[in-house]
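Assemble the whole structure, with the sequences as input and the hints as a guide.
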Amino acid sequence: MVELSVADLAIAATLVLLLALLSIRLRSNISQQLIIAAMRTAVQLTLVGLVLKVLFANASFGWVMLMALIMLLVAGREVMARQERRFKGWLGYAVGTFSMFLSSFAVTIFALVVILGENPWYTPQYAIPLLGMLLGNTMNGIAIAMDRLTHSAWEQRAVIEARLMLGERWDQAIAEYRRQAIRSGMIPIINAMAAAGIVSLPGMMTGQILAGAAPVEAVKYQILIMFLISAGTGLGTLAAVSIGSKQLFDERQRLCLDRLRQP
Amino acid sequence: MSKPPPLLQINQLQRLMIGPLSLQVEAGDCLCISGPSGSGKSQLLRALADLDPHTGEACLQGVPASNIPAEVWRTRVGLLPPESVWWLPRVGDHFHGDLPVSLEHIGLSAAILAQPVGQLSSGEKQRLALMRLLSNRPQVLLLDEPTANLDPENTRRIEAVIDEYRRAQQAVIIWVSHDPAQIARVADRYFTVSDGLLEEQTIEGRQWLN
Numbered sequence: 001m002v003e004l005s006v007a008d009l010a011i012a013a014t015l016v017l018l019l020a021l022l023s024i025r026l027r028s029n030i031s032q033q034l035i036i037a038a039m040r041t042a043v044q045l046t047l048v049g050l051v052l053k054v055l056f057a058n059a060s061f062g063w064v065m066l067m068a069l070i071m072l073l074v075a076g077r078e079v080m081a082r083q084e085r086r087f088k089g090w091l092g093y094a095v096g097t098f099s100m101f102l103s104s105f106a107v108t109i110f111a112l113v114v115i116l117g118e119n120p121w122y123t124p125q126y127a128i129p130l131l132g133m134l135l136g137n138t139m140n141g142i143a144i145a146m147d148r149l150t151h152s153a154w155e156q157r158a159v160i161e162a163r164l165m166l167g168e169r170w171d172q173a174i175a176e177y178r179r180q181a182i183r184s185g186m187i188p189i190i191n192a193m194a195a196a197g198i199v200s201l202p203g204m205m206t207g208q209i210l211a212g213a214a215p216v217e218a219v220k221y222q223i224l225i226m227f228l229i230s231a232g233t234g235l236g237t238l239a240a241v242s243i244g245s246k247q248l249f250d251e252r253q254r255l256c257l258d259r260l261r262q263p
Numbered sequence: 264m265s266k267p268p269p270l271l272q273i274n275q276l277q278r279l280m281i282g283p284l285s286l287q288v289e290a291g292d293c294l295c296i297s298g299p300s301g302s303g304k305s306q307l308l309r310a311l312a313d314l315d316p317h318t319g320e321a322c323l324q325g326v327p328a329s330n331i332p333a334e335v336w337r338t339r340v341g342l343l344p345p346e347s348v349w350w351l352p353r354v355g356d357h358f359h360g361d362l363p364v365s366l367e368h369i370g371l372s373a374a375i376l377a378q379p380v381g382q383l384s385s386g387e388k389q390r391l392a393l394m395r396l397l398s399n400r401p402q403v404l405l406l407d408e409p410t411a412n413l414d415p416e417n418t419r420r421i422e423a424v425i426d427e428y429r430r431a432q433q434a435v436i437i438w439v440s441h442d443p444a445q446i447a448r449v450a451d452r453y454f455t456v457s458d459g460l461l462e463e464q465t466i467e468g469r470q471w472l473n
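Chain order of the listed sequences is F and E.
Quick note on our numbering: the first sequence kicks off at 1 and runs consecutively.
Quick note on our numbering: the second sequence kicks off at 264 and runs consecutively.
There could be a bad hint or two in this list.
To be verified - Covered stretches of chain E (in silico footprint by chain F; criterion: 3 or more residues with CB under 8 Å from a CB of chain F, positions within the stretch not fixed): (1) 306–315; (2) 347–354; (3) 391–403; (4) 447–454.
Unchecked claim - Some chain E residues well away from chain F (every beta-carbon gap over 12 Å; in silico): (5) SER265; (6) ASP292; (7) ASP414; (8) ASP442.
Said to hold, decoys possible - Cβ-to-Cβ under 8 Å is the rule here; a few derived chain F residues that face chain E: (9) VAL159; (10) GLU161; (11) MET165; (12) LEU166; (13) GLU168; (14) ARG169; (15) ARG179; (16) GLY207; (17) ARG254.
Hints listed in this document are in silico derivations from the structure and should not be mistaken for laboratory results.
Cβ coordinates follow ideal geometry from the N, Cα and C atoms, glycine included.
Encoded structure:
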């Protein structure tokens with residue numbers, strides 16, 4: 001395995017700088033965002049590397065759970081921020097975060113206990129990266145699906161209410177938009193699974209191979225991860241869209257768009 | 264034996280600028296409402312169909328709306344909005360129950376059910392939307408300017424079908440209209456909206472018609 005020095009990373013950083021200069025010349029205003037994002041990557045990943053180092057040295061259940069909780073809460077905030085017309089108040093945070101908790105934690109614990117079987121099951125070398133992979137992907141799925149759901153409810157208000165006026169139940173009136181939302185939340189992971197290995201070499205596997213692992217071993221882990229991610233994303237999306245669509249209606253099955261925030 | 268409760272009873276209903284208003288309507292009565300735009304006529308109809316939160320309550324044959332599941336209430340108290348909405352590709356996909364009046368009767372052929380929704384004219388849309396609502400057999404029919412954009416011929420057709428339905432089913436009709444001639448033709452009682460309340464008016468031109 002080739003050890004990377006700080007100088008190696010600095011050389012890679014000059015590529016990002018070149019891109020930023022290029023975009024200034026082309027009068028695109030993306031350069032500032034690009035630089036800030038690149039700096040965040042360097043700082044955040046360095047910090048998490050240090051945190052993981054300490055965590056691996058003190059593998060107690062409490063510390064692992066604390067780390068998992070922080071990851072969940074940050075992911076929940078991210079899901080909320082990515083929705084244009086999210087629910088107002090605590091609901092806007094709770095729907096996504098609860099769905100992610102339900103799916104990512106369940107799937108991670110299942111994988112740790114049933115498939116990997118490390119002792120103890122919460123060994124952070126396995127638990128934290130797995131949870132991170134799952135949270136990152138369910139986060140995308142749930143954010144896309146909820147954005148789609150609330151957007152459709154807003155745009156198709158006339159249709160949903162016309163169906164209610166004709167005596168349909170709330171779940172019949174919104175069924176089509178619920179289906180579309182679930183579909184759009186799951187399409188990215190389905191596409192990633194379909195293209196894996198042919199069009200793209202997934203990042204985790206690539207990383208393992210670069211770090212010196214045998215390709216076949218890396219591939220096995222990648223397949224495991226893909227399956228876990230699709231299960232986690234699917235479950236999380238289903239949960240979020242089910243809770244979210246129910247919350248769009250009140251106890252008299254009226255469409256309550258005033259529960260959504262204006263963008 | 265006590266008198267049966269009126270078909271529709273409204274008790275202290277209040278929603279945004281409307282109310283609190285109370286009203287009793289007997290089966291088979293057609294009640295017209297007019298008032299300047301923005302006076303809350305549509306709000307009243309939406310509250311009666313239980314599409315918007317409100318205080319007070321409407322009762323059907325003495326049973327309050329809160330004792331009836333929302334989707335059942337809206338089947339019995341059907342609202343026809345000013346603009347009809349179609350969400351499936353073909354006209355016929357939107358129809359479930361059998362029609363109380365034949366399509367020929369309202370100037371349409373049965374073949375229209377096989378047509379794509381995009382090919383309908385506004386007159387056809389409005390007549391079909393009424394038929395779609397009537398196929399639920401509502402006991403109370405809430406009509407929000409059902410003939411606002413229609414020519415005289417289509418207006419008469421719609422009026423005739425509503426009248427026939429009202430007689431056959433002994434339904435209550437609450438009809439928002441701006442046309443005094445139409446009100447004179449169809450109304451049993453006539454109200455104007457002012458300051459969120461309904462004021463009963465005499466129906467002008469009615470004696471002349473009779």
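Hint check results:
{"no.": "1", "hint": "306–315", "result": "holds (count 4)"}
{"no.": "2", "hint": "347–354", "result": "holds (count 3)"}
{"no.": "3", "hint": "391–403", "result": "holds (count 3)"}
{"no.": "4", "hint": "447–454", "result": "violated (count 0)"}
{"no.": "5", "hint": "SER265", "result": "holds (30 Å)"}
{"no.": "6", "hint": "ASP292", "result": "holds (22 Å)"}
{"no.": "7", "hint": "ASP414", "result": "holds (24 Å)"}
{"no.": "8", "hint": "ASP442", "result": "holds (24 Å)"}
{"no.": "9", "hint": "VAL159", "result": "holds (5 Å)"}
{"no.": "10", "hint": "GLU161", "result": "holds (6 Å)"}
{"no.": "11", "hint": "MET165", "result": "holds (5 Å)"}
{"no.": "12", "hint": "LEU166", "result": "holds (6 Å)"}
{"no.": "13", "hint": "GLU168", "result": "holds (6 Å)"}
{"no.": "14", "hint": "ARG169", "result": "holds (5 Å)"}
{"no.": "15", "hint": "ARG179", "result": "violated (13 Å)"}
{"no.": "16", "hint": "GLY207", "result": "violated (47 Å)"}
{"no.": "17", "hint": "ARG254", "result": "holds (6 Å)"}
Consistency with the previously given hints fails for numbers 4, 15 and 16, ordered from lowest to highest.
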